[in-house]
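Protein chains: 4
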Amino acid sequence: MSQSVSEKLRFESDYQEGAHPAILRRLLETNLLKTAGYGTDEYCASAREKIRAACGAPEAEIHFLVGGTQTNAIVISAMLRSYQGVLAAATGHIATHEAGAVELGGHKVLPLPSRDGKIATEDLQAALESWARDENRDHMVMPGMVYLSQPTEYGTLYSLRELEALSAVCRKFRVPLYADGARLAYALACPVNDVGLPDLARLCDAFYIGGTKCGALFGEAVVFPKPGTVPHFFTITKQHGALLAKGRILGLQFDALFTGRLYWEVGRTAMEAAERIRTVLKEKGYAFAFPSPTNQIFITLEDQRYEFLSSRVSMSFWEKPDLNHTVVRIATSWATSAEDVDQLIQAL
Amino acid sequence: MSQSVSEKLRFESDYQEGAHPAILRRLLETNLLKTAGYGTDEYCASAREKIRAACGAPEAEIHFLVGGTQTNAIVISAMLRSYQGVLAAATGHIATHEAGAVELGGHKVLPLPSRDGKIATEDLQAALESWARDENRDHMVMPGMVYLSQPTEYGTLYSLRELEALSAVCRKFRVPLYADGARLAYALACPVNDVGLPDLARLCDAFYIGGTKCGALFGEAVVFPKPGTVPHFFTITKQHGALLAKGRILGLQFDALFTGRLYWEVGRTAMEAAERIRTVLKEKGYAFAFPSPTNQIFITLEDQRYEFLSSRVSMSFWEKPDLNHTVVRIATSWATSAEDVDQLIQAL
Amino acid sequence: MSQSVSEKLRFESDYQEGAHPAILRRLLETNLLKTAGYGTDEYCASAREKIRAACGAPEAEIHFLVGGTQTNAIVISAMLRSYQGVLAAATGHIATHEAGAVELGGHKVLPLPSRDGKIATEDLQAALESWARDENRDHMVMPGMVYLSQPTEYGTLYSLRELEALSAVCRKFRVPLYADGARLAYALACPVNDVGLPDLARLCDAFYIGGTKCGALFGEAVVFPKPGTVPHFFTITKQHGALLAKGRILGLQFDALFTGRLYWEVGRTAMEAAERIRTVLKEKGYAFAFPSPTNQIFITLEDQRYEFLSSRVSMSFWEKPDLNHTVVRIATSWATSAEDVDQLIQAL
Amino acid sequence: MSQSVSEKLRFESDYQEGAHPAILRRLLETNLLKTAGYGTDEYCASAREKIRAACGAPEAEIHFLVGGTQTNAIVISAMLRSYQGVLAAATGHIATHEAGAVELGGHKVLPLPSRDGKIATEDLQAALESWARDENRDHMVMPGMVYLSQPTEYGTLYSLRELEALSAVCRKFRVPLYADGARLAYALACPVNDVGLPDLARLCDAFYIGGTKCGALFGEAVVFPKPGTVPHFFTITKQHGALLAKGRILGLQFDALFTGRLYWEVGRTAMEAAERIRTVLKEKGYAFAFPSPTNQIFITLEDQRYEFLSSRVSMSFWEKPDLNHTVVRIATSWATSAEDVDQLIQAL
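These protein sequence lines are chains W, R, D and P, in that order. Note that our numbering numbers the first sequence so that position 139 is 449, with each residue one more than the last. Note that our numbering numbers the second sequence so that position 212 is 522, with each residue one more than the last. Note that our numbering numbers the third sequence so that position 121 is 431, with each residue one more than the last. Note that our numbering numbers the fourth sequence so that position 80 is 390, with each residue one more than the last.
Treat each hint with caution, since some may be false.
Any copy, or any two copies together, can satisfy a pair, since identical chains are not distinguished.
Said to hold, decoys possible - List of simulated lysine to aspartate or glutamate pairs, EDC-like, C-alpha gap at most 20 angstroms:
no., residue 1, residue 2
1, 630, 448
2, 630, 650
3, 318, 650
4, 360, 433
5, 592, 612
6, 318, 352
7, 630, 444
8, 360, 575
9, 630, 439
10, 360, 426
11, 630, 432
12, 630, 433
13, 630, 445
These aren't lab readings, by the way, just hints derived from the structure by calculation. Because the structure is a prediction, the values reported are computed rather than measured.
Excised from the complex, chain W in its bound form (with noise of 0.2 angstroms):
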């Protein structure tokens, strides 16, 4: 608990410090105000109109929850009825880490084949097509909604022609689009990226803009495009223990990552260590596991390589494509700092 947290050079997640110093100055400026609970207060209510404002959808109605799994869960449960399932890339964050939440509300997730992380508008179509055809369909779990992430699990993005497209098929079936966005502030800062809030706000039923992964101590503002998408939602999250008694500090938080673009800026300082970082992997004629543009960096590396990059960096571990190499994960924030990728440059 003393310095020793530090040491090591730590590249293996987005998620390994505190808070943007300017939303720690927040909490520490209003500590000892006191408001109501639950969300009602003055600070989620500036929270709420800001964000608001950077979608393009004044009517939109925005519920801050605590983290990923749990946005992904409540939000999947509410927007499905029983006999339904979602659709998702077999590579999809709730088809694989987040521990059975989605079937522990008692849906299935129907799995469409990965294309580095993302959905192709025509897999999506032929499934739900042959749903539609499929004589024993009333056997059968009924798909009740998409998910997608921006950017994937994979760090890839999709461009705003793919996301329209994946938009259009949705609404022909009328299937609900909702796109998970834990890292949306590295999709958002990407210089490749196309799809803006507006461009959310207008193709989805439902997204929520992650804070967790960027920036904040913790926190998911969900985003329902369209107001009365889902009828109580308030106390369907209270049901599902995710209401936060002292909901300011989610209030707080947004309020601070959506004054003066903060979330940008966050996505921003990300993108820059892992432009960086990807430039001398490139020239050094290492293997990049999955074309991300963003901020997490995939590489395959053989098993010695990998063992002695493990012993100066702290990677995440992603997968064993074979006996002697290994898929790791390198991954920047708002916090990496300049002297950070040094030192990992000089690793590598």
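Start from chain W and add chains R, D and P according to the hints.
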């Protein structure tokens, strides 16, 4: 979002402010240090050690969760089998103000008579015997655990003798006992209390030490005195969307609360304020709705008086016992200042 | 497995035998005909038409399920949203003897006082108003539907006036009304009953016509007077494991029961037997525990008398109101013969 | 409801008729005898004894349920802990045609590659090892049991050697093995089968002997070779709405099926019909979609041929492997007569 947030005198709850300054300080000091996620960091480890020491339970398994309803729902569903329910006072938090979180998890709350918020040993014994004797018991919900809160939702306390008697009945019937300590600091610091943390650890199969309402930004520490009580509790937590990515924030807070007896300090401040208020209320002839010795004070007001007071002091509406009276709650906390109390006394 | 199975006089329930002979005959006659599965066959279609006619509800949607607990659990979970509970008399079957099936589906049973097994209009109204007025209602389970049974678990009946009043309250508060008709035949055939099938269809949003306890081998017919009340009920049934592959067996039985008023016939036989028994009980000064006019008769016996009678007649243990008395149930059915009654009278 | 129900030649499934005449006879003979409810009667007891004998498992615990999806959902949810999922072939019934019943119970179906409907030992072992080795396993669904069907949904069979190998892997990893025997009679009577009931009892932790598709009106017999495998299974059954009030009807049917090897008889009739059809199909050069030796025959037809055949014989649509072909299922049963087969052969 200006000063208006604190203009009115507010005694409505014990979660109106941020966190105890000592906690914020810890967050600030450690903000940029990098740690592993999900509660596997050094701060969580340190907090666990301090809680074990305070409980006199060196083997205890300790998990940090975010909020009270969440904690109750997860612990209860983790300890029950599908066909079991949880016995609780009809006024217990899980039976009334958790929006059906226990039922969402598939379990019935089996109500016992509320004796000023508490369960009576004889009622518990009668319920367990009645089930055991019922010829139709295999068609009924089996009582699978007992829930109580210390202090209760009415601010009352179990004495050590009462708790020992309840625990003895539970063990006789092999039904685990679980204590909700959302406001435990106010019990521990209460002059008439004789139940310490080691008693809870000795007499309960699980309990939680509340943070949210006792000085933390948020957070509850679940204690299983006997390790292995619930295998895979980590994954259960994740599956319920309750695993904080930056788990250290929970660890840091509880580490602070259990350093130098801050947790008792938090309770004492509230207790002193409550005692001053209670004394004045008694002097002025106010009617107490429940005999609470802790930080929640319930008084019955004529409606005219209620309206007058409400215009000056924010209190919690509790219930209407008849057409002309209202029961309200006044709550103190670690953040209640002497000036606040002075002003309240004047208003009274 | 020999004669011994019928040696003792058995009045313990109305599901002790197989099926009414007319039903078995239909099964025999049609046994080798081939039909489509899952209730899409001609017999189910015919039964649906006959039930619609009997209910005066030509648009009604009708589904055949296997048993009562199953039917209640499925209809209730299909009609409620996750954050809603079902109001029922504290003595209602779903509140007591269904092993927590409603809670397994995620919903709380919200108890209302039992007035000889029935819900009083004023209690219902008070509960709905109390919820609507409660400032904490968004933290509580919302009353989302009302459950009643006709006849009740105590054999008592709602009069038409009572049912109309309850239905009016439900409609005022936009809360659907659901009637459990596990023993509906015995209500319909009861001389004092004034509630017909068309009344149920007019006043309820859903109800079921019981088969299992009214002459069928098994089976219950769910009636939604307004089609489309629950979209995709077929799939919901399948998902709950309640869709019979050979659905025709349900159709055939209900087709038989609704041919030539057999369903009322079944009730009348039981009613006549019950009347004879009740008359004798009254003459002999037995104490009735509940004022039941239908096929279930509840009497309070001194324990000595209970033991004596039990040795000769098999009755259902109901409860022990005090240390020296036992309440038992005597039930008649379509299969109760005049000789059975003669022997019982002699034993009494 | 006239003759039309049987006019067309029907080979679409093995649940098109009522029950084997020997079963109906038993129902008739015993119809008016009175028994206790809920499976506590003499017929159930006798059936249990006969099944234990046939399984060579004198200690086995046996429960009678109504249908296959119900049985799978209940057994699986009863055997898993909340954070566990069930491994199954991607084509397994629980993964495809049970409308998400397992997920409704809170559990993920973890798909394994389908090898003509079967699980390969190496795939199972790889999946279990992969989970055990994954550093993120505590964030993932833990494999908690293995589901297979004998015969499979494609009519294929596990050999004794295959089953022993799967069972050995399960035991090595301490993961229970469960076999769905919806069509077990057709496996047991299949000339190439070498897996008997005692083998299932020795190698599985639970399995069920199908009645619905093997000559009964309905009903499945769950066998837990080791008693106490699932405590309180009776109440679990009740809670899932699966406890038949007149449980004797299940007992009577299984008692008949296990008297004088009727269950094998039922299988043999179907097998002989299937063999005759298969021989003709081979002679005529039809393409088999799967190498099924049991009562389900899958053939791939050109669409023109499909339309022609469909107009004369009712078969089950299975899938469209490409734009011009259709896979159909022909199923035989205990009720398939020699004349039916003659006519089908003529149509082919």
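Out of the numbered hints, which ones does the structure contradict? Hints 2, 4, 10 are the ones this structure does not satisfy, whereas the remaining hints hold.
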